[in-house]
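J.: Okay, here's what each chain looks like letter by letter:
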Amino acid sequence: MTASTPAPAHQHTDQHYLAMDLLRFTTAGSVDDGKSTLIGRLLYDSKSIFEDQLDAIERATEQRGEEHLNLSLLTDGLRAEREQGITIDVAYRYFATPRRKFIVADTPGHIQYTRNMVTGASTANLAIILIDARKGVIEQTCRHSFIASLLRIPHVVVCVNKMDLVDYSEARFNEIVASYSEFASRLEIPDIKFIPISALHGDNVVDRSAKMPWYQGSALLYTLETVYIGSDVNHIDARFPVQTVIRPNTDEHHDFRGFAGRVAGGVFKVGDEIVSQPSGLTSRIKSIQGPSGDIAEAFAPMSVVMTLEDEIDVSRGDTITKANNPPHVTQDVEAMICWFSDKKLVPNGKYIIRHTTREAKSVIKAVRYKVNINTLHKAEGDLEIGMNDIGRIQLRTAVPLISDSYQRNRNTGSFILIDEFSNATVAAGMIL
Amino acid sequence: MSSYNLTHLAQLEHEAIFIMREVAAQFEKPALLFSGGKDSIVMVRLAQKAFAPAKIPFPLVHIDTGHNFEETITFRDWLAKDTGSRLVVRYVEDSIKAGRAQEEKGPNPSRNGLQTITLLDTIEEFRYDACLGGARRDEEKARAKERFFSHRDEFGQWDPKNQRPELWNLFNGRKNVGEHFRVFPLSNWTEMDVWQYIAREKLDIPSIYFTHQREIVNRNGVLLSKSPFITLLEGEKYETRTVRYRTVGDSTCTGAVESDAADLGAIIQEVASARQTERGTRADDKRSETAMEDRKKAGYF
Numbered sequence: 001m002t003a004s005t006p007a008p009a010h011q012h013t014d015q016h017y018l019a020m021d022l023l024r025f026t027t028a029g030s031v032d033d034g035k036s037t038l039i040g041r042l043l044y045d046s047k048s049i050f051e052d053q054l055d056a057i058e059r060a061t062e063q064r065g066e067e068h069l070n071l072s073l074l075t076d077g078l079r080a081e082r083e084q085g086i087t088i089d090v091a092y093r094y095f096a097t098p099r100r101k102f103i104v105a106d107t108p109g110h111i112q113y114t115r116n117m118v119t120g121a122s123t124a125n126l127a128i129i130l131i132d133a134r135k136g137v138i139e140q141t142c143r144h145s146f147i148a149s150l151l152r153i154p155h156v157v158v159c160v161n162k163m164d165l166v167d168y169s170e171a172r173f174n175e176i177v178a179s180y181s182e183f184a185s186r187l188e189i190p191d192i193k194f195i196p197i198s199a200l201h202g203d204n205v206v207d208r209s210a211k212m213p214w215y216q217g218s219a220l221l222y223t224l225e226t227v228y229i230g231s232d233v234n235h236i237d238a239r240f241p242v243q244t245v246i247r248p249n250t251d252e253h254h255d256f257r258g259f260a261g262r263v264a265g266g267v268f269k270v271g272d273e274i275v276s277q278p279s280g281l282t283s284r285i286k287s288i289q290g291p292s293g294d295i296a297e298a299f300a301p302m303s304v305v306m307t308l309e310d311e312i313d314v315s316r317g318d319t320i321t322k323a324n325n326p327p328h329v330t331q332d333v334e335a336m337i338c339w340f341s342d343k344k345l346v347p348n349g350k351y352i353i354r355h356t357t358r359e360a361k362s363v364i365k366a367v368r369y370k371v372n373i374n375t376l377h378k379a380e381g382d383l384e385i386g387m388n389d390i391g392r393i394q395l396r397t398a399v400p401l402i403s404d405s406y407q408r409n410r411n412t413g414s415f416i417l418i419d420e421f422s423n424a425t426v427a428a429g430m431i432l
Numbered sequence: 001m002s003s004y005n006l007t008h009l010a011q012l013e014h015e016a017i018f019i020m021r022e023v024a025a026q027f028e029k030p031a032l033l034f035s036g037g038k039d040s041i042v043m044v045r046l047a048q049k050a051f052a053p054a055k056i057p058f059p060l061v062h063i064d065t066g067h068n069f070e071e072t073i074t075f076r077d078w079l080a081k082d083t084g085s086r087l088v089v090r091y092v093e094d095s096i097k098a099g100r101a102q103e104e105k106g107p108n109p110s111r112n113g114l115q116t117i118t119l120l121d122t123i124e125e126f127r128y129d130a131c132l133g134g135a136r137r138d139e140e141k142a143r144a145k146e147r148f149f150s151h152r153d154e155f156g157q158w159d160p161k162n163q164r165p166e167l168w169n170l171f172n173g174r175k176n177v178g179e180h181f182r183v184f185p186l187s188n189w190t191e192m193d194v195w196q197y198i199a200r201e202k203l204d205i206p207s208i209y210f211t212h213q214r215e216i217v218n219r220n221g222v223l224l225s226k227s228p229f230i231t232l233l234e235g236e237k238y239e240t241r242t243v244r245y246r247t248v249g250d251s252t253c254t255g256a257v258e259s260d261a262a263d264l265g266a267i268i269q270e271v272a273s274a275r276q277t278e279r280g281t282r283a284d285d286k287r288s289e290t291a292m293e294d295r296k297k298a299g300y301f
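Those sequence lines, one after another, are chains A and B. Taking full-length UniProt numbering, the leading residue of the first sequence gets 1, the next gets one more, and so forth. Taking full-length UniProt numbering, the leading residue of the second sequence gets 1, the next gets one more, and so forth.
Any given hint could be a false lead.
Computed from the model, here is a short list of chain A residues facing chain B with C-beta under 10 Å [what the hints assert, rightly or not]: (1) 53; (2) 97; (3) 214; (4) 215; (5) 262; (6) 359; (7) 361.
Non-contacting residues of chain B with respect to chain A, defined by C-beta distances greater than 12 Å in every case (computed) [claimed, not checked]: (8) 6; (9) 88; (10) 90; (11) 127; (12) 140; (13) 213; (14) 227; (15) 234.
Going by beta-carbon spacing under 8 Å, a handful of chain A positions derived as facing chain B [what the hints assert, rightly or not]: (16) 51; (17) 254; (18) 256; (19) 280; (20) 423; (21) 428.
In short, the hints are calculated from the structure, not lab data. Since the structure is predicted, the reported quantities are computational estimates derived from the model, not experimental observations. In this text, a Cβ means the ideal position worked out from N, Cα and C, and glycines have one as well.
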């Protein structure tokens, strides 16, 4: 590697910078597939590593007596991680190119940290799944792909890494593409791309590689810069979970009563007829206030304050919707869950459910099945859900949830379960 | 508008506002940790926006080490007044006098570590159950691991190996008596985002962020400002340099950078081509490879 040079200043000129959009992506791959090296390479080649950071990891690498510059030290920030040389927890990294800003959730590959992978995946537009070209599609690949599918990450880029170790073989690449495609046909991932790379040498990461002339696609960074994410947000079903009510109680704003929240789906316009759930009371939108003043319409994921024409009872946990497009309002919920706690799921156990801005008691009525995440089959005769297990359950909640299926809307279709004694978040749920 | 897309800066703004409202809704007694630095200035603006037309529903709390840059303190007092906020100040000096903390020895004793003691005492005194802070994940490798809602036990400690998973936009602020949370709405912002936002919002900032002449001593590559808290070592002397500050902490451990950036445009250009991280000028982070993590575990902000 050559010395790092500063990012070109032009990429940050005001107008250009202010017009950039944001891609959130996550990386998955098993322990030695080169995830950290790939992230290090992306950061390094996009000039996002500073000299003092580089000095620090050079010093640390030397102290450890390692031969090659250890780029994983960039993301493994905790003492315990550096001691053990593994990633324990999600780390977030930031970089920008002249085209786009990126948030990378660098998640651990170990099976025991599936929960952190789910954490990283929950907000991602895109997942990079790394496959070692020598090993091909392995159990880990299937597990990561299943999680990407379960969490409905709209875009997946499969990077066949370590192409340098298989002589940049087109045949080997095609073999892996074929076997992955066959497996992925059982998943629901709308957009899958394949790129042959060498993270170590930088082939097809930032620049197209001369060593693989047979590959006609674009390099990874260009793919990340250009993948279309405009349709990843639901702009159809209008949903506005209310966070808090704003009442200034000042002379100037004596009668002001605004509902603060973040649009979870669809579009709201001033004048729209609305229904507040679960009460079913109706009114009309009088004004919408964004961060910089009054606006005519609001869409996901904007944080706004709405005022209504009528004095209807709306409070935290309620959801403002439109009449022609109602959500589900029910106390019986079918969902897929990923279990996070080392305390096993207690059948008929009570947990706190947090869904949009609503928190309530709930009871697990039934465990329908557990998924063997390596084969994607139902685990026969095994309904015990423990740490990192994925399964389907039926829940009964103390108050109705105002929800959509997770497939339809990631915001109104997701929930977490909380242990009422330890307050720990014990599960992530996706409503079916 | 035909396309429903938000720029990244708008997305970050909406996200931070959402987090602040969650804090107001989920906690009984939140506070906003305010130092007068650029990140906390952005925090105050976001808090104003989150609750407008009502006032910011929590006090601004400053843990004053007594080793400040005067300009920051003047600015702090002005901003609190300007926004009509209640300002609570607690002093590390008082913790030392009360025997709760002990001053470091050496040529430039830092009160950075002692701040934790005063902060935890203040949280206990007022029974704050959530403290909003302007920390960003891009600042430092231990901060890159931080959650938006960061749980602290009854001793104020952070346990990085046992953090609550944080999924979608669902933030679990439940806690037992005596425990509290630190909340970081700017987690996903970078140094550049903060400067761009300050420029976009035309926010006032303390004058030391802009170029000026200052008496400086170069200690191990960190340009320290002349102050009563620093004793010159043999062979050291103060010299006048043209500098500004990229980050503002204690004057005993925050280094200046040589710069002639006189306005926000020039600062943005400078940050864009910077080859050192923002915290490269902070001597407190250089004490060990895991200095920040160790401080945070103990309860540091």
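J.: Could you work out which earlier hints the structure fails to respect and list their numbers in ascending sequence?
T.: Checked against the structure, the hints that fail are numbers 2, 3, 4, 7, 8, 12, 17, 19, while the rest are satisfied.
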